[in-house]
Amino acid sequence: MAAGPYNYSYIFKYIIIGDMGVGKSCLLHQFTEKKFMADCPHTIGVEFGTRIIEVSGQKIKLQIWDTAGQERFRAVTRSYYRGAAGALMVYDITRRSTYNHLSSWLTDARNLTNPNTVIFLIGNKGDLDAQRDVTYEEAKQFADENGLLFLEASAKTGDNVEDVFLETAKKIFQNIQDGSLDLNAAESGVQHKPSARPGQTLNNEQQPKDSNCSC
Amino acid sequence: MEESVGSLQQGNHPLSKKLKKILDTRLDNDKDMIEALKTVSTFFTDNNIRTRRNLRGEIERRSLLINQQFVDAFSHVVKDLELIHADVQSMTVCCKDMTDRLSATKEQTQELITMTSDLKSEEQRLQVHSDLAQAFLDRFQLKPNEMKVFHGTRDGHLDPGFFAVLEKVQKIHADVKVLLRTNQQTAGLEIMEQMALQQESAYERLYRWSQSQCRSLTSDAIDITPIQQQAMKALQNRPVLFSYTLDEYSTARRGAVVRGFIDALTRGIPSGPPGSPTLESEKKIQGPKPIELHAHDPMRYVGDMLAWLHQASASEKENITQLLSECEKSTEDANRDTLAHVLEGACRPLKVRVEQVLVSEPGTLTLYKLTNLLKFYHDTIRDIIGKACENISLLETINDMYILCRKLFFNSLQYLASKLLDKVELPPSDLSPPRTLNDTIHLLRDIFDSHDSSILPAAERHTDLVQVMTQVLDPLLQMCAMSASQLQPADMAAYVINCMHSIKFMLSLYEFTDQKIEMLSAQIDAHLDTLVNEQAASILMRGGLANVYKTILKHEHDTGPLSKLAGLDRSAMTSAFQHFDDVIHSPDESVLPQVSMLASATLKEVASSRANELVSSAYKVVYDVFTNEKNGYDSATFTVKTPDQIRLLLC
Ligand SMILES: Nc1nc2c(ncn2[C@@H]2O[C@H](COP(=O)(O)OP(=O)(O)OP(=O)(O)O)[C@@H](O)[C@H]2O)c(=O)[nH]1
Ligand SMILES: [Mg+2]
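Chains as they are written, first to last, in the numbering used here: chain F, 430 to 644; chain L, 5 to 655.
The reader is advised that the hints may include incorrect statements.
Stated by the list, open to error - Simulated pairs of lysine-lysine, BS3-like, Cα-Cα distance not exceeding 27 angstroms:
hint : chain 1 : residue 1 : chain 2 : residue 2
1    : F       : 488       : L       : 237
2    : L       : 172       : L       : 237
3    : F       : 463       : F       : 585
4    : L       : 293       : F       : 600
5    : L       : 624       : L       : 634
6    : L       : 608       : L       : 634
It should be emphasised that the hints constitute simulated quantities derived from the structure, not laboratory data. Please read all numbers here as calculations on a predicted model, not as lab measurements.
Take the sequences, apply the hints, and build the full model.
Below, the structure is given as structure tokens:
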């Protein structure tokens, strides 16, 4: 933390969705704290985590919203898709039902985010290969058919966890660079900090001119 | 021979001496001699008498010549020596002269040397002074470059070195107290005052810098620079300036939050932070519509607004934490107060919109769901703001909305309940529960279901339910009673049982309803008793056993034979038995319509079997009377079914 967690040029908003118990909170925790939480309570509503990463030499702050998978929170969590630049859609490779529900999660993600939102499919609990209930191949095919990025990961061992968050950011950044993502749309989920930061100089004279317009 | 030699030896004869000398001569050993002879041989070439006579002269002449040559040679040497002597002489003079001059000079320089060494020690002394002075200055004054950093440039640039200098000034200010304890008090006081002035002007400058920094933090995404964090840390030493700076910060952020909120509500795009490459690409808007587009869907509308504010709270909290992260003293209060202020601006737009939704009569169920939603977000945002969050206006606003919404919900229930009693319907002819009751039960179910799947923690889930239940059920039951008041007892019983049963059935799906269910069960049982009695009476009546049975009960304690009594004579009894036998073979026909109209199959069953129970025990009474010898019926001549047979037939 000490080595300047500040001075980033972008903020990307992520949302993590998927059935209850698939390990969404554990993935987030593994990514932000590099630790596995063995007995993680069910998420109530929505939780929040951040981390600064670097993509193509750019510092990017990820603002990650971890939603509750329990059905009773569906109505609440739907309000958080708004403005997500990345959506991590998680299922549990040892529980087929969580895979079967993906299409409903995907529908929500498609309807409630914007067309440029990068959706990353994650098959979690990859460490439990012996109890596998969903093959890599079929999930890969599902991902390909729906134009999703896909990886199997494990919040427990940390396998691929870093990758899914970074790959998503890379893809978003790529979208920004080739112009398909408009930064000025609030709902792009990306906030760009003007590089000419007012950082260290006083320009009392100039400020009011710009901000006058607001009512 | 020896004698002669001996005599020679002893004799001192010159000749002998000479001879001896000659004899003793060892020519080959005498180098001088050999040399002399060699030399002689060079010019003594002819050995004849004449030459022998002249030899001596010759040698002497030669010797003379050689000496002559010597003399000549030495006369040169003498001359040279004389010259040398003269030179040495003059050198001596010279040296003498120089020595004189040297000693003279020495005398002269002696003075200079003393002077120089005096000066030297003076210089050393001064150097020490100078070092001391320099050290003093280093310790107690700012260097020119430090002054420059400290005072900054015209454009307000704040050098990162500023804080080191500020620290130094503070240190000087503290250290200078040492001087006050020495005899340097004047200097101490002066420096102290000087540093105090420096400090004040530095804080003043830092404050103005921070203020203007904060003022510019109006974009959606902000980044707190390390230098700003240091500034806040330094300003903590001046609480007033610190809190003014935070005021400036929160005002800027408050504006940004309100703007962002309004944009999310109405535009779905940001206004673009000043200075960012904005607006030229505005046409490419994508993604979710503005929140207000969902105004027709109260849950989504209010939910989206609150979710937006939740996210804004989290982001702003993070920003403030970053801003104050270097501070050394506790910033918990400052943190919370600033966050409260930042979020304050969103209160009004939120309140106006939520109130609008609430007063638009969204319906009882929606009001209930909104109540839960508001409570949920109140708690969620409170968790972000942290402990001790009184006087946080956003929370207060949400709480107000929650209280209002809850009140409207209960008002709406109240209204519903009062409407139930306003216009009491007549029971339907099939004695089923009336439509209003079904509707109300349906609503309760919806409420309970949404309560059961509520977003609130389990502990909070059931708190309102008893109130909801009492508020609705009591008038509902009252309504049933009122609408049943015109009915015959059996109709009334069946109707009330049907109403209560459907309520009870609904309640039985939930865990918090035990007491109510118990109460309803007791009431249902009471009404069922009525129905059972009616049913039994009806069977007995139809079977013609009723009159006989009643008369028997009247004369239970008579001692004489009952066959003598009017109405209980043998023929009355036998015809009653015969009649009953006919009826009992088709028991379904004797079921009361009210019983068959019971909605619950179980209750129907219970009513029938309990009625049959009553009938068979009545039959047993009559049978016992008839077969008892003392009553004189001569029962052996007439076959009647035993009570057991009847019981079997009825079941
Ligand atoms: N073996 C294994 N267990 C995991 C892994 N990830 C999560 N778990 C376990 O799965 C359980 C559920 O994990 P959570 O992270 O709470 O699941 P969630 O998706 O956040 O659940 P909700 O908050 O209810 O939506 C926990 O007991 C974890 O210990 C994994 O990669 N491997
Ligand atoms: Mg979770």
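Structure-based check of each hint:
no., hint, result
1, 488(F) to 237(L), "holds, 25 angstroms"
2, 172(L) to 237(L), "holds, 15 angstroms"
3, 463(F) to 585(F), "holds, 10 angstroms"
4, 293(L) to 600(F), "holds, 24 angstroms"
5, 624(L) to 634(L), "holds, 17 angstroms"
6, 608(L) to 634(L), "violated, 40 angstroms"
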